[in-house]
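Participant: Protein sequence lines, in the order shown, are assigned to chains C and Z.
Counting from 1 along the first sequence, just add 24 to a position and that's the residue number in our numbering.
Counted from 1, the second sequence has number 134 at position 144 by our numbering; the numbering is strictly sequential.
Mixed in with the good hints there might be a few duds.
Computed list of lysine to any residue pairs in SDA-like fashion (alpha-carbon distance at most 25 Å, straight line) [what the hints assert, rightly or not]:
#1 C:K109 with C:D148
#2 Z:K23 with C:D148
#3 C:K49 with Z:A29
#4 C:K156 with C:S187
#5 C:K109 with Z:V35
Here are some of the chain C residues that sit facing chain Z, going by a computed Cβ distance under 7 Å [stated by the list, open to error]:
#6 K51
#7 Y55
#8 H56
#9 A60
#10 R143
#11 V146
Honestly, the hints are just simulated from the structure, not real lab data.
Ideal Cβ placement from N, Cα and C applies to all residues, glycine included.
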Amino acid sequence: MGEDAQLVMRIQGGDLGAFEALYHKYKRPLYHTALAITGDDGAAEELLQDCFVRAHAAMDRVNGSNSLSPWLYRIIVNLSYNWVKRNQRWPLALDTFVDRLIAGPAASPEHAAEGSELRAVVRDAVASLNLKQRVVVILFYFQGFSLNEIAYVLDCPVGTVKSRLYRASQALRIQLLEDRRLAGELVYATS
Amino acid sequence: MSSFMRRHDDEADNVSSWSSDDELGRLIRWSLKHSIGAAEPPPGVWRRILDRVQETRTARSARSNSRCSSGPLTSLVQAAVIGCVLLTLGLGLDRDIILARSDHRVHSAPAVQSPSVFEEFPEDVLRGCMLARMEQEEPVRRGGHIREADLPG
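If we strip away everything but chain C, and leave its shape as in the complex, we get (with noise of 0.2 Å):
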């Protein structure tokens, strides 16, 4: 039996034990995903909190034989989704994110600011996309999901993740190719 089942068990038993377990299993990915979606960390908090009480509250219908993280990414997807749609405002807030976290401290100061600089230019790639593209994006390259669990996640049929993540793709190329920021790079890419 996987240790997610038995998590499951437990749970269904009424072992909040378990249910802290089965947390902090999952609560960084799960928050990094709804921090990639809206872009805003209160948000993100809050739609973490909001995705393990309805998992806990619909843990009596749960068949612990698979795998809890595609139903999970499933909730807080969804989560994110209402927000972004609620609040419509993604997402320059991440931006806040890049500027504590990039350059770290063992780069060089030239590292850090060309690392910095490609990182700005590919969030603000990302950023560009639209909801539907930008949450297949990151779930097939951020999460690293298969087309097949992202079609779970987002409850749509295979073609619409493949046509979906194919549209992502091409637009995130041009918008790289196009981007003055990396124009040293682009006389190489295109000779």
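With chain C held as given, fit chain Z onto it using these hints.
Facilitator: Chain Z in isolation, oriented as in the chain C frame:
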């Protein structure tokens, strides 16, 4: 660093063969991990989740307790109300059906035409009667006063 910018025309033909480990994927992962990978949910989140879960549990158990204690009475009242509603609906429906039937009967009844009185007499007799009646009736003047000069003869 710029190799991710190469065109991937072959990929467009076969999206299912994409891997999240391609150059674009590595770039996005690297960028997002550096941007948000170090972010941690605040430590107070679990406490708040636990509070909310326990609140829900308490509310649920209180609801089930109240349901158990007032169970028989509640179900009796519910049954009575449902019975009344069904009875009313049933009666209303019956009346509607009866009315609809009688309407239908009235509308669909064949129109019985009483035989015309005139059909019993031959045509020349009728014409004679009408002429006699016309002679008996006085001429009706319409449109105001008629002067003598206007009269013929």
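Participant: Quick check: which numbered hints come out false for this structure?
Facilitator: Nothing - there is no hint that the structure violates, so all of them hold.
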